[in-house]
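S.K.: Single-letter residue listing:
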Amino acid sequence: MNHRAIRAIYLFEMARTWRTLLQSIVSPVVSTSLYFVVFGAAIGSRISEVEGVSYGTFIVPGLIMLSVLTQSIANASFGIYFPKFTGTIYEILSAPISYFEIVLGYVGAAATKSIILGLIILATAGLFVPLHIHHPVWMLAFLVLTAVTFSLFGFIIGIWADGFEKLQMIPMLVVTPLTFLGGSFYSIDMLPAGWRTVALLNPVVYLISGFRWSFYEIADVSVSVSIGMTLAFLVVCLGVIWWIFRTGYRLKN
Amino acid sequence: MSSIISVANLSKTYGSGFKALKNVNLDIKRGEIFALLGPNGAGKTTLISIICGIANPSEGRVLVGGENIQTSYRKARSLIGLVPQELHTDAFESVWATVSFSRGLFGKPKNPDHIEKVLKDLSLWDKKDNKIITLSGGMKRRVMIAKALSHEPQVLFLDEPTAGVDVELRKGMWEVVRTLQQSGVTIILTTHYIEEAEEMADRIGVINKGEIVLVEDKTTLMQKLGKKRLTLHLQNKISSLPESLSQYELDLCDSGATLVYDYDTKGERTGITSLLSDLRNAGIRFNDLDTTQSSLEDIFVDLVRTS
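Chain order of the listed sequences is A and B. So that you can map any letter, position 65 of the first sequence is 65 in our numbering, and since no number is skipped, the others follow by simple counting. So that you can map any letter, position 258 of the second sequence is 258 in our numbering, and since no number is skipped, the others follow by simple counting.
If you are wondering where the hints come from, they were derived from the structure by calculation, not from laboratory data. All C-beta atoms, glycine included, are put in the ideal place defined by N, C-alpha and C. Hints are not guaranteed to be accurate.
Here's a subset of chain A near chain B, in silico, CB distances under 7 Å, partners left out [unchecked claim]:
hint, residue
1, Phe-12
2, Gly-87
3, Thr-88
4, Leu-93
5, Ser-94
6, Tyr-99
7, Ser-222
8, Ser-224
9, Gly-228
10, Ala-232
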């Protein structure tokens, strides 16, 4: 294992975060705070409790997931797309480093950033609404699992994309709608029966449900199903990345 | 001299069906400067990319330092430093950070003394804290060389190292390359500047349409293929050549003021002595003469045209 190379990539990517602190950390925190002001305080005060939890408190896990998902994808996809765009990828490809180590460096850094961001948003939420986390270990486990899985997904998008438009396309057109429709702001029990079945096809529902369970012990689907679905998506992403490196797709041809 | 790179039956066909390399066989000797010449699209960069791990070969085998680049890629790649043709740099990083990053990427422990030496050798020391985006093109090129040297490679690939670099800087770059060779590094360079190959290389390989057309010691190549030209500046213009000189295939130029004679240095007889004596007998006198040797460029153009 080329530990030094993993470390070099990881630190390089983390350095990029500190360099772009406003964009990486401050901007998601500001936008999440706005959600709290709008949904939590302004609109939320007129909404009755959801499953025994005040609306402002109820949306906290969903809001954290919203940021963690989008930021994991953005960080990881940009991290690997940018060297492809500038051409500096030549150095990564010509270094004595395995594909697994490359993924570890990039995805590790992207996941670290979104976990830090998730925790910052959690702390910010604590300023707006009272919070009590029933299962902090599970909460962290879901946070880490989601950050890693979606960083892997972002890595795939970054390799697939051959332009900035494509880089934005999946996060904007697929992930954001799925997150909004995945129960960030409501329980899917609140949906009519037909829509509820449709909602269960949305993988984000399982992430948010599991994450919300770790906070309030309320869930749309059982926790084991949530974990199972997240792990399944993780395995699919790993499989695709394995295939990418095996074939050199968009990297070596 | 043993081979540090051994390429056997290497072929590369791109997805579009374009054959960039066709059954290439090539051995690079340890410690030499090898110049790979070829027109645009000949396969130079593809060959380098495969050896360095950037592109996958379709067929064939490459050994670097005896290590297979596919089955033993860690050992093989750690021996190689690559300076690609295009100026690919991390614009917002400092020179020091980007060169240190390269060393880490190649699995080497931190060694600020080595990085300092590399930067000083390349006249980049006073720019070490500058962001790369603020540097000139020539400096960026040197930053890329510094990155390639950061992990103390045994083989250095320089793909068009002096493209777009001014004359003074180009000569400086040649000095750097020579110093590197003296320290034991094997250097493979591709270039469009034939004079660069002529100036620097120990051996020359010519690649055209994906095939190695020729590999030869530079001096042997010059001797083998080099023709010499004798130009005689006549005292008095002549309108035509006398019959007695017809065997020499002379050219009468400048309205009869100069005589040009091409001869082959590899031939047993150049014919110069008899030509001069026959000229005297024919009463043709000259007041100056000079000889020129065909350059590598002429040889190269000839080779590429005929291959």
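S.K.: Hint by hint, note whether the structure agrees.
M.R.: Against the structure, the hints:
no.	hint	in the structure
1	Phe-12	holds (6 Å)
2	Gly-87	holds (3 Å)
3	Thr-88	holds (5 Å)
4	Leu-93	holds (5 Å)
5	Ser-94	holds (4 Å)
6	Tyr-99	violated (11 Å)
7	Ser-222	violated (44 Å)
8	Ser-224	violated (41 Å)
9	Gly-228	violated (36 Å)
10	Ala-232	violated (31 Å)
Of the numbered hints given earlier, the model fails hints 6, 7, 8, 9, 10; all others are met.
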